[in-house]
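> Chains as they are written, first to last, in the numbering used here: chain A, 1 to 582; chain B, 1001 to 1150; chain C, 2001 to 2528; chain D, 3001 to 3255.
Do not take every clue at face value.
To be verified - Each computed BS3-like pair below joins lysine-lysine, with the alpha-carbon atoms no more than 30 Å apart:
1. Lys2473(C) to Lys97(A)
2. Lys2140(C) to Lys2473(C)
3. Lys97(A) to Lys2140(C)
4. Lys327(A) to Lys413(A)
5. Lys327(A) to Lys410(A)
6. Lys327(A) to Lys97(A)
7. Lys327(A) to Lys2140(C)
8. Lys97(A) to Lys413(A)
9. Lys336(A) to Lys410(A)
Think of the hints as simulated: they come from the structure by calculation, not from any bench.
Chain residues, written in single-letter form:
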Amino acid sequence: MTALIETLNPGFVLVLAGIVGLFIPMQRVRQGLMVIAPLVGIYMLTQANQSMELATAHVLGLDLVLYRVDSLNFIFGLAFLIAALLNAIYALHGDDKLQDGMAMAYAGAAVAAAFAGDFLTLFVFWELTAVSSVFLILRAGTRAAYFASMRYLAIQILSGVLLLAGITYVYQASGALTLQAFTSLDEPGALLVFLAVGIKAAFPFLHNWLQDSYPKATVVGAVVLSAFTTKLAVLTCARLFPGFDILIWIGAVMTVFPVFFAVIENDLRKVLAYSLNNQVGFMICAIGVGTPLALNGAAAHAFAHIIYKALLFMSMGAVLYRTGTAKASELGGLYKSMPFTAVFCLIGAASISAFPLFSGFVAKSLTMSAVAHEGYVVAWLMLLFASAGVLEHSGIKIPYFAFFGHDSGKRVKEAPFNMLLAMGLASAICILVGLPSFFGLGYGWLYNLLPYPEVANHYEPFTLGHILTQMQLLMLAVLAFILLKRFGLYPPEKPGTILDTDWAYRRLGFGFANWAGTVWGKAGPAMTRVAGLLAQRGYDRIEAVFSPRGQLSRGPLTGGMAIWTAALLGMAMLLSFLTVQH
Amino acid sequence: MNPDHHVILRVVAKTLIPLITLYAFYVQFHGDYSPGGGFQAGVIFAVGIILYALIFGVSSALRLIPPSFTRGLAAAGVLLYAGVGIWALFGGGNYLEYGALLDEPEGGHHGQHIGIILIELGVLFGVAGSMLTIFYAFAGRVAEISDEDW
Amino acid sequence: MIESILTHLAPAWAIAHAAPLLVVAPLVVATALVFVPSGRLAWLISILTTGASLFFALILLALVQADTVTLAALADAGIQTNMLREGVVSYAIGGWAPPVGIEFRIDALNAMILLLVTFIGTLASVFSWPTVNAEIRTEKQNLFYGAYLVCFAGLAGVAITGDAFNLFVFLEISSISTYVLVALGAGRDRRALPAAFNYLVMGTIGATFYVIGVGFLFAATGTLNMADYTALLPELVGNRTVQAGFAFIIIGLGLKAAMWPLHQWLPNAYAYAPSFVTTFLAATATKVALYALIRFLFTVFSPAYTFETASFDWLIAPLAIAAMVACSFQAVFQTDVRRTLAYSSVAQVGYMLLGVSLASVFGVSAGLLHLMNHALMKGGLFMAMAGIVLTYQGTTLRDFAGLGRSAPWTMTAFAICALSLIGVPLTAGFQSKLMLLQATFTAGWWWASGVIVFSSVLAVIYMGRILEAVFFKAPENPRKVRKEAPLLLLIPLWVLALANLWIGLDASFPYDLARNAAEAVIGVGGQQ
Amino acid sequence: MLEFILARGNYWVIVALMMTGLYISFSAQNLIKRLVGLSVFQTSVFLFYITLGKVAGGTAPILIGEDLAGHHGAGHEEDAAHGTAAAGHEAPVETPAAPHVETEPVVEVDPETGEPIADPTAIDPAAELAPDAVDPGHSDIPPLQGEDASLMGEPLEDGVTETSDYVLSGHDGAADALHQAAESSLHSVYSNPLPHVLILTAIVVGVATLAVGLALIVRIREAYGTIEADEVRNIDIDVALEEEEAEDAAAEGAA
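Please put together the full structure from these sequences, using the hints given.
Now the structure itself:
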C-alpha cells in the first residue's frame, strides 16, 4: 500500500476519481469523492521521493516515466492539488455529474502532466487537459459558449499535435523521450514544442482562445479553468526552456498588452481573463531570465497566482451565480448584500496587486528583483508598468465595480456556504503565505517549497526598499483612482491613469496610457471587425468550394474525373520521360 | 400474337434452331482439341434460344426456359468448373491440376482429357446461362413506366 | 502464437491448399447461393464461408511468418507447404509452374492484406443480417449474399495473386459485383443508381488503364508474372514502354484506390449503397486497390528507378497532401454523416499514400499500419451508422442529435472509432499517425508533417461536430423509447471498437505485420 | 516520318480508338453513349493486346531439331521450388516445369515469355542462345531493346531487328517499309495465343460490365425518367437543395 502511495502519480487518482464520478448519480457521494481525491493526492505527494523515477512503463519500445517529482514540479503539483480541492468545495452547491467529473479529470490530467517524466506521458495528459476542460465551457449551455468551446478545443488540439510533432522530431533526433531542457530553438523539434507551449500559455497573438472561452464558461468552470491550463504550460516552459532570452520579451509584452484591454473591458470575468494573461507574463519573463532567483520567482508566482486568481474567479462566479451577470455596468453596491464575498474579493485583489502582507507581494518581489538584478532595465520597466496596470484593472476595478461604485440596486442573497468556504480557504492561503515568517508559516513556508530554497531563503522580501517601492506604486495608483473618480474623470468604460514610480513620468505615463487606451479602444474593435470580415470571407470561400453545394461537388457526373484521369496520366508519363536516366 | 404473321420466319426458325443448338454442341465437344469450346458454344446455344424468343415471343421462351433455370444453369456451370478444381485437390494435385484427376500412373492423359471436357462444359453452362439471364433481364423486364411517359 | 495454427489446428490439406481455397471457397459458395431459397440461410452460409477464408488467411500468415524450424517440422510430418523460400508461399494453379501458369504468391504484405479483408469480411457477414433483411427484398437476399461473396472473393483474389493479368480479372470481379451491390441501395434512395453508374464508368476506365499498363509491360518483357517483372525490369529502366506502362498502372490503380482527385466516385457510392455494403467496402475495397498499388510500386517497379522516385515526389505525395486537406474540408461541410465519413475516407487514403510515397521501410509500414487501423475504425463507424439507419432511418447530422442518450452502446462504440479517426492517444489512429509523423520527420518532409497536423485538426472539427450532436444536443423529435441497434450488430461493432482501443494500447501485432510487410516489399524490386 | 507513321499503323488506330472512346465516355451526356464510349475504349485495348501477339517472322514454339540440344533455360529463379507440378504433361503448347529438373531443355520455351525470363541477364536472347542467327522458335515476343524498339521511340535500327522486331520494321523509306512489311507478313506472321486468351477474358469482363451498365441505365430511366446525365444531376441537386431548405426552415423554426 505504501509502495502504491509512493509510486502512483497522484494525477491518476484524480483522473480516475473524475471518470468514476461521471457515473455516480448520488450527489453527496460523488462530491465526497471529489473532495477526498485531492486530499489523497496531496498526501501522496508529500510521501513522494524527489528526483527519482517513481513509476516507469515500457510501451511500444518506448521508456515512459510516469511519475517523477522534482523541486520544480513539486510546487506546481501542490498548487494544482490545492486548487482542485478548492474547486471541489466551490462546486458543492450544484449537482452536475459531467461538470464534477470532468473538472476532476481535468485537474488530474494537469497534475499527471506536471509529474510526467517523459515527453509522451506529458503529451497524453496535455491532450487530456484539452479534451476534459472543454466540457467546462460547453456546459454553460449558451450558443456563444458552444462556439467558444469548439474554437477552444480546436486550438488546444492544435497545441497538442504541435507538441506531438515536436516530440516525434526530438525522439528521431535524440532517441530519448526524457524531459530535458532544450539548448536552443534552432532545431525544429524545439521550435514546435515551443509553439505548442506558447499556445497553451497564451503567448501574445496566440492568446485569444483564453479571453474567448474563459468568460463563457460555467460559474465553476471558469474557476477550474483559471488554475490549470496556462500554469501547466508555464511549468512545461520552465522545464524545457529556462533562460531563453526570447521569453523575457515575450513575457514582458504579455504583461503589458492585456492591461489596455482589461481596463476597457466591461465583462468582469473577461477582465480577469486578461489579467490572467498578464500574470502569466510575469512568470514567463522570470523563466526567460532563468537564474535560480528568477525560477523561484516564477514558481512562487505560479503558486500564489493559482490561489488568488481562483479566489477572484470564485468571487466573480458567486456574483454571477447570484445576480446572473458579471458586467461592470450592471453591477455595483453589492457589498451590502454579499459582504463576505466582497471581503474575499478584496483579499484576492490585494494579493494580485501585490500589497505587502499578501501572497502576491512575496512572489512578485522575487521576479522583479531577479529581472532587475540581471540588468534587463526595459523589461523591468515594462513589468513595473504592468504591475500598476494590474492594480488598476484587477485590484481596483474588479471589487470597485462589483461591490462598491454606484449602487445597482441589486439585493441578493450572500453566496452559498460552500462558495464562501472555498473563498475563505483561498483567502487564508493568500494571507498566510504573504505574512512574514513565523512558526514555519508565512512566506518562509512557500520559499521552502521553491526549486532553489537556499536561494529563496536568502531573499528577504520585506525590506524597506521593497515595501516602499511597492507601496508608493500602489498608493499613488489608488490615489489617482480616487481623485479621478472624485472629479468624475474616470468613466466606467475608460482607462484609468497608470502611475509610474517616478512622479516625473506621471504625466507622461498618464498621457501614454490614455492614448494607448483610446487607440486600442478604437483600433481593437476595428481590428476585430477586419479579422472577422476576413475570416468570414475565407470561410465563405472555403464553403463555396468544399460544401455539398460547392464547386468541388458540382462537376459533371463523370466528366471531371475523366479529365483528371487523363491529366494525371499525362503528368505521370511526363515525369517518367523527363527524369529517366539513359 | 397473330399466328398468320411471320409464317416464313417461324418455319425457318423452327428448322434453324435445332441446327444452331446442334452446332453449339459440335463446337463444344470439339473444343478440347480444336478451335472452339465452351465460350463459343455457350454463346451459340444462347443465340438459339434468343432467336426463339425473338420470333415466338419472350413469354413463350420464358415458359420454355424460365429465368430461374438460366440462373441455376450459370451457377451450375461455375460450380462444375470449380468442382473440377477441387476434385484435383482431392486427387493430390494442385487446384485445377487435371493430371491428378484420375490418379493415373505417370504418363496418363485421361485426366487431362476429362478435365478439359468438364471444364468446357462448365464454361458452356456458365456462358449460356449468363447470356440468357442477361437477355431476360432486359427483354423480360416489365418497366415501371411506359415508353410514352418519357 | 499464430504458428500453433499450423501445428495444431489446421489439417494437412488446408495447409497445402490454403491459397486457392481462400478464394475459391467464397466463389463457389456464391454461385451455390443461387440455389438457396432463404435469405437467412444464405446469411449463415456466408458467415461460414468468410470464416473459412479467415481461417485460410491465418494459415497463410502463419506460413509466411513461420521460421525454418516450423517448416522443417511440417515437411517431416509430410505436410506440403508450397514454401518458395522462407516468407514466401507460392501456389501454382493447375500445376503450371510460374511464370507460365498463374501463380498465387503470398508474402508478408499480402498475408497482412488477406487477413484484413477476411477479418473484416467475417465481421461484416455476422452483422449484416438485420440491415440486409431491412433493406433488401426477401426474394433477392440470397442473390445479394451471392454478390457479396463474389465481391469478397474478388478482393481476396486481388490480394493473393502473383499474376498481373489475373489481378485485373479479380479486380473486375470484385468491381462488377460492387456496382451491383451499390445499386441495390436504390431501394432506399434512388441516387444510388447514378452513383453506381458513375462508379461503373470510372471503375472501368481505371481497370482498363491498368490493363493497358500491363500490356506495355508485357510488350517489354513478355511475361505477366510479377516476380518475373522484378527480375526483368531493371534491364529496361530506360525503356519508354516500361515508363508508359508505369504511368498507366499508377493512374489506373490510383483511381481504384480513390487517390485524390480520382476519388469522385467514392462519396456517392458510399453514401447511397446499402449500409452493409458501405461498411464492407469502406473497410476493404480501397485498401485492396492500395495494396495492388504498393505491390507495383515496390516489387514490380522499384523506388530505385528515377522515374518512380519522381512520381513519388511530384505526383503521389502532392496528391496525398491535397487529399488530406481538400477532402477533410469537404468532410467538414457535409450535412450527411455518411458523406462526411466517405470524404474522410478519401482523406485517410491520402495519409496512406503519403506514407507510401516516402518510399522508406518506415514510411511504407506507417502507411500500411494506417491502412489497417483505418479499416478497423471506418468499419466500426459505418457499422454504427448502419445501426442508426436501421433503427432511426436518418443519416443527417440533425438525425444524429441526441442519439447518445437513446442508443448509448452504439454511440459509445461510434465515439471510440471516431476518436481513433481523429487520432486521440490510446486509440489505434494515434499509433499510426504518430508513426507517420515520425516517418515524415525521418525523411525531412517538414511540410508533410505540418499538413498531417493540420488535417488532424480538421478531423477534430468534422468528427467533433458529429459527436457534439450525438452527445450534447437534445434530440430533434424526442424519441421516447431507448432503441439500440440489434445485438447482432452491436457485437461486431464492439469487436472493432475494442480492437481500436487494444491497438491504441499495444500496437505490436499490427505494427509487426506492417513492418514485416514493408520489409518484404522494399528492396525487392531491382536493387538487389 | 512517313515510314515512322506507316510502320506503326495498328498503333495509330488503337490510339485513335482509345481517345475517341475516352472522349465519348466523359463528354456525352447520354448514359448509353457513355457506355458505348467505354466499350470503344475497351475495344481499343483488345486490339492493342492482339497487336502485341502478332509477331513477324515467328512460329509456334514447337520443338525442332537443334533446339533439343539448346543450352538455355537457366530456369526461372524459383523453378526448383515451383516443381510441385506433376510430371508427364504433354500439353500441346506449354508444359509445366518438371520437378527437380531445373535446366532441362526438354521444357522448351514458354511461348509467351520467350527466353528472357529464363535468364534475366540475357539482354539479347536470340543472339545468345540460338546457334543460328535466326531462331524463329525463340523470337515470338522478345523484349524491346532500350529505346530502339519502343512504341514511341525512333524507328528501329539494324542489328537486333532481325529477330526482335515485333513491330514491322523499315529501312530506307516508306516504300521499302511497306514492301518489307508485306513480304515479312506473307512469310510468317505468328500469333502468340496468350494475348488472345487474355483478351477473351477481358472481353468477358467487358461484356459483364456492359450488361451491368445497361441494367443500371434501365433502372435509372425508371427512377428518374431520363437517361441524360445532366438532367439526372439537376434532379438530384434540386432535391438536395429542397431538403436543405426544409432543414434550414426547420432549424429556424426550432430557434
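> Mind listing which of the numbered hints don't hold for this structure, in increasing order?
2, 3 and 7
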